[in-house]
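Engineer: Chains as they are written, first to last, in our numbering: chain W, 1 to 274; chain F, 1 to 1127.
Rather than coming from a laboratory, the hints here were simulated on the basis of the structure. Since we're looking at a predicted model, the values are computed, not measured. For each residue, glycine too, the CB sits at the ideal point set by N, CA and C. Hints should not be assumed to be uniformly reliable.
Listed below are several chain W residues computed to face chain F (Cβ distance under 10 Å; list not exhaustive) [said to hold, decoys possible]:
1) ARG35
2) ARG36
3) ILE37
4) ASN60
5) HIS151
6) VAL159
7) VAL161
8) PRO186
9) LEU210
10) MET232
Cross-link-like lysine-lysine pairs, in silico, DSS-like; alpha carbons within 30 Å at most [claimed, not checked]:
11) W:LYS226 x F:LYS985
12) W:LYS226 x F:LYS986
13) F:LYS150 x W:LYS101
14) W:LYS180 x F:LYS13
15) F:LYS988 x W:LYS169
16) F:LYS141 x F:LYS208
17) W:LYS10 x F:LYS986
18) F:LYS784 x F:LYS841
19) F:LYS986 x W:LYS179
20) F:LYS988 x W:LYS220
21) F:LYS988 x W:LYS187
22) W:LYS169 x F:LYS985
23) F:LYS985 x W:LYS24
24) F:LYS986 x W:LYS187
25) W:LYS191 x F:LYS963
26) W:LYS14 x F:LYS986
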Amino acid sequence: MSRGRGFSIKILDKSDDSISILFKNIPVEIINSIRRISMSEVPTLAIDKVFIFRNDSVLNDQMLAHRLGLIPLKTPVDKYKYGDEEGKPEYVSLSLTIEAKNDFRTVYAKDIKSNDKEVYPLYEDIEIVRLAPGEGLDIEMWAIMGTGREHAKWSPVTVCVVRGVPVIKILKECDSNCKKCVEACPKNILKINNGKLTVTNLYLCTGCKLCEVECPDYIKVDIDEKSSLFMMEIVGQLTIKTILTKSFDILISKIDDFLTKFNEVEIYEDAIPK
Amino acid sequence: MRRLDIKKYLVSKPLEYDTWPVVEAMIREFGLAKQHIDSYNEFIEKGIKEIIEENKIIKIIAPNDEIIYEITDVRVDRPRIKDVDGSPLDEERGYIPAVCRLRGLTYAAPIIATIKRKQGGFEYIEDNVEIGHIPVMVKSKICVLHGKSKEELIRYGEDPNDPGGYFIINGSERAIVALEDLASNSIITRVEKVSNTKVYISMILSVKGSLRNHVTVTVKKNNIYVTIPFTLTPIPFPIVMKALGVVKEGEIAEAVSRREEIIEELYPVLKKYESVSTQEDALLYIGNRTQAAQQPIERRKNRARHILDKYLFPHVGIGPEYRLRKAYLLAEMVRRAIELKLGWRNPDDRDHYANKRLRLAGPLLGQIFAKSLKSLLKDLHYNITKYYLYKSRIQLSYLVRSSKITHRFNHALATGTWTQRTTGVTQMLDRTNYLSTLSHLRRIQSPLSRSRPQFEAREVHASHLGRICPVESPEGQNIGLVKNLALSAIVSNEYPPDKIYGILMEEGMVKVEEADDRLWESGARVFLNGDFIGFVSDPMTFVERLRGYRRRGLIPPDISIAVRNYNKDKLVPEVYIETSSARILRPLIRVVDGKPLLTHEHIRRVAEGKLKFTDLLKIGVIELIDANEEYNVLTAFFPEELTKDHTHLELSPFLFLGITASVIPFAEHNQSPRNSYEAAMAKQALGIPYTNIRLRMDTRGHLLEYPQMPIVQTRVMDLIGLNDRPVGQNLVVAIMSYESYNMEDAVVINKAAVDRGLFRSFFYKTYESTARLHGGGVSDRFEKPGEDVKNYIGEDAYRSLEEDGLPYLEAKLEKGDVVIGKTGPPRFLVEYEEAGLTEQKRDYSTTLDQFTGVVDRVVLTLDKEGQLTALVKIREHRVPELGDKVASRHGQKGVVGLLAPPEDMPYTADGIIPDLLINPHAFPSRMTVGQFLESIAGKYGALAGRFVDGTPFISYDYEDLGKLLKSMGFEPMGTEVMYDGRTGKKFKADIFVGIVYYQKLHHMVADKMHARARGPVQILTRQPTEGRSRDGGLRIGDMEKDVFVAYGASSIIKERLLDASDRTTIFVCTKCGLEGYYDARNRKLVCPVHGPDAPLVPVNVSYAFKLLLDELKSMAIYPRIYVEEVI
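So that you can see chain F by itself, here it is in the shape it has in the complex (with noise of 0.2 Å):
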């Protein structure tokens, strides 16, 4: 049965110059979680190579022998790991996704690298060696799920519209959030304050590989220091720039700038280093300031040579012949220094997106993955030469420990633990609903400290436009900091930089070396990818020229071209070239004269599936840009601002949202945290999350009975996919007040609505349990336990267990009823065997906590030891009650008030009586005036059976609304005559009636309802428990008290505090002051100074009190205590 399709029935507001197909091929192109899985893909089939080809190499060095040990090659194989039999377990065994989510185990696949040896000047054959097990990412290249139809994907236990894009790690799944980085390769300047002085940084992260270095330039004010990696202290710039070859004063100079006012800069520096007059001086400079210091002095100039070529900006070149590149690199740092200092420019932007990057699952995995081999290698190293000095038959397979790589990698997934610094790199998935899957899969985090205030980098910036949703964040400590993708955001992909080289110089660029003075005074400097590579004298041509590349279709369409500085007075213009990966992009439409490329004949072709999204990139209509290619870019808004100025064209107005935020209708119309609040509620809503939900046992789960489509739709909905996987039901809303039942943000629902079907729920639980295997054959066992059996709770409590000690389906149980009847032997074996009661078992059954439902499903199944593993699914059936949570779609939120029966309820002249009352107080000061539009809209929409588009900037206005609805015979502002149902009187007032798409949150009072009079307490201090899971107390906190302090109530506060919580008798000796002891045998009450006879008096005091006391005697010191008067 297929669902309605909402074009055919959504009354749009017809646009001059529609582009949605185009957006809707986007998103049908890419999906979205498209970052992940193309950085997964990337690092499956070049990233690990990479990390291979930067440790190949294990040499073992014997006496008279040399082995070397070289991987040419590694790949990834399809999923398949060792059964628990040793068996492989692949594809056609059932290695599948929804297997590995019920069994608990890992979805992963082998690495295999291909190892060769060389022996005393022989080659011998190469051989195959699983190194480890990498987890797979669902949906990814190398998933089985990939490239599946929705059939198969059914087949396969997969819900088809389960975007991928995460792990399965134990059986859980995992989702990687995106880190937001500084962004490598790319000078960046800023001011400091050092005590009372300016001084002026330019600094640089170079990455290549696993190879990360710091580079700063520190402008002060007599001086210029350059922080090199692996030297003890900064080095002054002319020192570096001779080492690195450059040795004359001028010519350092030169390499700077040809300006006047920065030369006179430099020179009092040069001046100050004159004596160092050799590049072998300098290196001994540099070398005398590393840990090689105590060396000779050719190794310690090896010393600084290494460190120059290696550690100093790794991203330009490994090796000597870099080093005039990397001169002018640091020459051009020290340039933007001194300009700083100067003001001639500002500095750099931290927050600003062009300086952001991604870190996505690739560079992620890497980390892991480059690290564990490394430690794999080690031991490989280790084990080699052993075996060789046993001058044993080595075979690789065995000396190989790939558990090292393959638990490296389960625990950072399982954990989100990848360094000690960085936690918190995965989750949990969230799948509270579809909405929310999608959302927690385009998330991104800041890594920046969330206790520290940091302002700028928690505000919405402007070139989060179009990349960072600027709706959706979290409230409170994290606010700002934790982001989520817009729907127009692409994150770039990596190209080989040399494949552009080539076009570059074609295109007039001269190299850096064989710059004429003329370049080096006026030229445009050229970066490729924070490289700086050569000279162009009219930049803008240039740039124009390669960018036709790329609208050609030439280049990828995910390079950025920029010119920056063009024009500006003083500075030299500079061209920037990234190929890099994890960029934010957007795609624009490129207008020239004003006039849009996109013509409705390309969007018609579009619409027909002729023409793909892609295409449009290749013949360049439309153009991905990044943040630091937009200062060449003016973009309009609307078509209609089109100016003859203009360059681009936003795709459409509204692709600046991130999923949860598209998916408010008229958010425009609201107060802007209003829709925050309602992006992070959207994610709390019920309804479907997946549709292999009876397949499945996850731990907790919510499904809503009736799942509706909006009425009032946004058209991003219906292209997510939120339209098959709803989270909310259509609602007749009046907006009044009723008897107080609805003040302060509580609703009324009407009773019968319920009845019919109403938010009504279903929870579902599993518990689970693993009989496990001990030592010596000694196991647990599923079975209904005897009377016989140790701590036997009961008959009843066993009653819907069947022999095998599962519940059979659909048995009712209530609180404290056994899910899972297990026997196991006695925990403590050696004391039992010594009494002779080694026969005896021990019920080691799970009982229900807190609620009462109905088993749904049984699964029994073999772990990832093998052991024999229950899993019960409970499912409860949850009507709405008083106190559970309701929201509209725009931050609206509240908790039923009361199910008024509906005769009780208002009416109005057609005789329709609400679902639900809202009080009008919710409004002004919220200013949701989305809702009343919403609610206009909706009203027609039911009418006129008619899904209405409410998508934001784009869709009708209030009068459009209202003539809609009169069109109807409705009044147009929305507001109806209506009666008391309790009189059958007119009211006064007309009251606004409309419908509205309204959510069930996932806070429900059946979870959270509790109440203890007398219970548990805790072992230590014999104070009541916490907590409604341990059926706990309830607390008299700090500003209670204070309520019956102000008051003077002491026999409360002293009754609450004291006699309802750990009072206890302590005997006390009016001589010494000590706690005595009651002495069982004697019958007597005995002070441990004084005695059985010591005067010992009977004193109230709270437990914790007495165990403070005993603290104090563990560490000698004697609390005495006075008795003044024994009442």
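For reference, chain W alone in the conformation it holds in the complex (with noise of 0.2 Å):
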């Protein structure tokens, strides 16, 4: 293989939530470096510390404590610090002071008040707990940054998909009437169109070569393996862009880490067997 050299990227669909990617020559070890970087080790914020003063709900500590760390926050880009990045405010802090007064009420997140505008719950309607009348709630949280590898409220990334492409082979011509391979897919990928068995939506298809056991002399599934199809779907605490560009960052500098350590190795002429 040409290194470097024929590889394309086509970006096949996207949305604010989700993308997917076509990478063709392109080794799929690298791909699913940046798969498994963006899953665990692009760091977002998440609430860590829970000061509770007030719980009457009938929820434990703990657990109220667990339902508000996984609440998915918005990070600002580079603004809070991780790791032994400096000149940084280490944590955003939030609070969450709520009583029920005559009636139940389901506390929502919503309710949480942020000190950061820009720091603030995603998706409001997530219900953290329900009080009944005269219950309250006076929590005190921060948030830091934090990563996937650590607990996956960090995990900017919910889906994350990388897989070698279809190949679908129409070998010869069949009799157009018997229809056992069209059925025999559950993704609903062929079809007879004008007498001619059709391959629709090849990205659908994962492999499961149900069509090619049903008649396989007319039919041949494969998987190329040297494109690979990277799908993302994410919480939404940072971008799409962001999270790739980030995992590309980290992918880099975790290489340019290796390249320096093995710069400083001194090789010893003996050491290598004659």
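With the hints as a guide, bring the two chains together.
Structural biologist: Below you can see the structure in the form of structure tokens.
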């Protein structure tokens, strides 16, 4: 394989919270590294320290704190300190003070007040707890930067997939009335158009080969491992672009670190057996 | 907030004939702990009066005077006791179950007897006397919770779904486990081998009230004996008959049978006792063989009469007028034994459920009551006599020692000891989860010994179908002896037999006494509750007409009407009518001409609530059939199987399962033992055991943080309320290995899932401490101990306590911290007084053992003795960790082997990362195919946003599920193309992924992890203590030792068994071989024999060995140690 040449990137689909990209001729290991890093190494904000001054609800303190931690917070890029960065604030302070007066009241994520306008709960209708009349909460919280490796609440992505691209070959023309292969496909990808078997949406194919099992002489399904399909859905703390660039940054800095370390290594002649 | 209505979202396989609404109506109307509550109610209403009836008269005979006290009435009042201060504590003042549990009280109600005095021909005014307290069954008729609405129950601090049916004794919930007994009042035949000759036995256990007597007829080679209670030897059969008034030999023979073969068998026996020719002679013969043998003739005869009238077959009747009936019953027993000898009939099957009865709360309490009442009356008799002699005015309520009954009841229920032999009758109610509570209340115990094999008794019997769950039974020594009621099991209630008697006569029954020869020869014999009462000429029409009464609702549905031995060569047909209680019945749909009588119209009206289940019984559409009547019934399992010959149809095919077995989806696809394992495991799963968990202060308890309703349901689950108290979570499960982290039944769990709340739970433990009142106004005190207090353990340990000695809420406590601070007077008061140290206080604080938690709730209350009691509930948050136990619903248990980071986990083409990876090796040998089906069904349910019905026998099969799954765009087999998260590469094989309901079981590493290097030793032996709670050592057991022996690692053995255990150095005198001692004053080693200058050498021995030497010496045995060589 000629390194670095002939590769291509094609965005197949994109929305605010999801993206699918087709990478051609790029080793799957690299794409998978991006997948892994975006899942567990891109830092975001999440509530981590919870100070409970009042909790009359049915939920125990630990459970309430856990629920608060899982609320995704909009994270301003590079504003808060992560790791050994300097000159940045360490945490955002948030608070939740509420009392159910005369009726039952459900506490939602939108009831959380933040000290930083740029940091706020992403989905305001997340239910936290339901209070009975007279019950109340008085909670102070610190959101800090962290990564998904430490706890899933810091992970900026929900679903992230790197997979091979299916290649469906129709080997020869067949009797279009049999339709066995068409029916076998759970994703309904195959269609018969004017008596010809055609593939309608290739990227939906998972490569299950059910059609091939039905008509092995006519259809062949393969997975092209040289290209990969990259699909990502995000939680929303960071944008897709930020997550991807951050992931690349982290990957590159890792490689840089590796190179630096490697260059520092002295090579002893005698260590190599002759 | 109401939970989802499952029915709206349940995808079920449509059935042509779906009886589900009827099943639902049945369980809703009857409840799940009905047997106990019914039985208890019956006892309170009737049973207690019957026992009083048996011994209601106290007669005191004084010179020239006769006083009679008669208990004319007895009733049980509303729950009420005397509080510590003597004031009555009743419902209004807060005597409710919730308070009893908190304060450690017994939930009981007073028994009030009305006693009348007759003296010198006058009757005096009746007196109401409290004769004792009977524990109240929660949710019985006299319970304060009876008939309360959901809202009221919540106000009373209860879980509205609580089934009731248990007692509260000293604050702890005790469930009665029903005992399985051999049926009383019915003849049971068997063959026994006595030294190479066979003997043929018919036996009957005759029970009436508290009288329980065995009568056995033994047919030997050339004699027939009858064992009668209170006689010293067995009595020959003809003599008993003669004593009962059937004197002529011919009459005796005819009473037995008119068949020649039988008479031939009888002839030599009758001949043998011809010499005893009159009734008087026969009575004397029996009287001579009683305790009264040394007394005058008339006394002897009277004794015999008394025995025959009272103790022989008391169920037939008590008194001389029943002698003839008893004679006929005895002859019947003989007939059966002879028929057995002739090979005409088979011995009765003792394991058949027709021959079994349950002993439930009512009769069990009755047993205690009868005993304690007797002792109370004896005591009362003595007291009245005493006071009468003193001529003082007798105030009955002062003389009745009501504590006798109260204590007996409390003791029996608190310990479960009924008699010396029957123990374990009550058990602490299992509150692990809702399912385990229900199952516990429906448990049945067989009194058979658990050490002997008794294979037949342990096996599933055909007559268990629909009565006893064939799946749910423990493994090990109790297998088959501890059973559980099936869902369809209904326990019969008693109905007075005399109410039936009239109907029998009307329908053409002829009394035994009036039967003619034709009936004796060929008529069918009628038994009413085991009493041989008459004949009918045409048993089949007779029985059908009787059943007609039942089907029209004229007599209760739980009366059994059965014919046996109809149209059998040589045997006479027998008709059995049973109105007794404690038989297990099961509902069946009646079938006429191959068509079920329960129509779609009926089902629809039941579903709409316009028709009740009991109405269906009254109109004869559904019948309750007991094991005896089942002989006359041909039942189809499925409606499709019905033919013209069928008389009945199963109400629903899955009803023969018990509570826990019913929660297994697709159970019919599993290998049977797996279902049994799951039935046992479901009772260990964490969930929400009860909704009043915040109010209760149980010593231990678990709570699952996010319980979920299973996506794959069984219909029963919703019905029994398990969807309101779930016991697990739906997990995405892939079946694949993962780098050996899931070999040998380990499972890999996705760490991200755990982070998001998977299987998190709380563990609660309550610590209790009582400020005891010591004599002389001294008492313990709850306070934060100061430094001057004896046994003070350092400031740090008390840091969570406030001034009142109790910790503040949410205080973090660690192992060794004080939970409740308490001080009190020093233990040996006198010594300190002498030393002038009386002022000193001692620390009696309670410390936290083993775990770390926060204070959840603190309760300060008075216990039943009026002492201040502090209860502190500690809560520990448990996040799943390596080694925690989880299980699916198919007996597939495993421990967590790895919490894998999500990026390392495999993922599907859609990016789904499984929550759990189970190893494929878990399946081939165990054949839990049900789990695969559940997996596919669950996957479909999750994709479609529906619950899926997995009820055994009536749900989807593999192909249906595949189609459903395919309709959602997934591979019909449930497999998917998956990628390795570490490399991003596709796996070669497709992986089976689906959604399976998993349970977290209460065996957690946090409770079990233990290691020690050095630590405490036992005082006596100086060997390390045992067990985690005592920080004990880890044993090198026999098998471990063998490893070292085989390897020859002798030094390790010596180190482990001696140096690391109880090594001591003793000094042995080389002259006499005895152990010497160290004289500290002279700083010299001394031999007890040779004095200070003896040659003593140090020897290392085990301290246990030194003890042995001491013990030998104490027995005047001289143990001598020869020291050969000093190393």
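Engineer: Are the hints correct? Go through all of them and say.
Structural biologist: Okay, the hints, checked on the actual structure:
1. ARG35: holds, 7 Å
2. ARG36: holds, 4 Å
3. ILE37: holds, 8 Å
4. ASN60: Since the shortest Cβ distance to chain F is 6 Å, the answer is holds.
5. HIS151: Holds. Min distance 5 Å.
6. VAL159: With Cβ-Cβ at 3 Å, under 10 Å, it holds.
7. VAL161: Hint on VAL161 (chain W): holds, closest Cβ of chain F at ~4 Å, below 10 Å.
8. PRO186: holds, 5 Å
9. LEU210: For LEU210 (chain W), the interface hint holds, since the closest Cβ of chain F sits about 6 Å away, which is under 10 Å.
10. MET232: Because about 8 Å separates MET232 (chain W) from the closest Cβ in chain F, which is inside the 10 Å limit, the hint holds.
11. W:LYS226 x F:LYS985: This hinted pair holds, its Cα atoms lying about 11 Å apart.
12. W:LYS226 x F:LYS986: holds, 12 Å
13. F:LYS150 x W:LYS101: Holds, at roughly 24 Å.
14. W:LYS180 x F:LYS13: holds, 27 Å
15. F:LYS988 x W:LYS169: The hint holds at about 20 Å.
16. F:LYS141 x F:LYS208: holds, 25 Å
17. W:LYS10 x F:LYS986: holds, 22 Å
18. F:LYS784 x F:LYS841: holds, 12 Å
19. F:LYS986 x W:LYS179: OK: LYS986 (chain F) and LYS179 (chain W) at ~29 Å, within 30 Å.
20. F:LYS988 x W:LYS220: Since the Cα atoms of LYS988 (chain F) and LYS220 (chain W) sit roughly 16 Å apart, the hinted pair holds (cutoff 30 Å).
21. F:LYS988 x W:LYS187: Between LYS988 (chain F) and LYS187 (chain W) the Cα gap is close to 21 Å, so the pair holds against 30 Å.
22. W:LYS169 x F:LYS985: holds, 22 Å
23. F:LYS985 x W:LYS24: holds, 15 Å
24. F:LYS986 x W:LYS187: Given that 30 Å is the threshold and the Cα spacing comes to 19 Å, the pair holds.
25. W:LYS191 x F:LYS963: Within the cut-off at roughly 20 Å; holds.
26. W:LYS14 x F:LYS986: Satisfied, since the Cα-Cα distance of roughly 25 Å is no more than 30 Å.
The structure agrees with every numbered hint stated previously.
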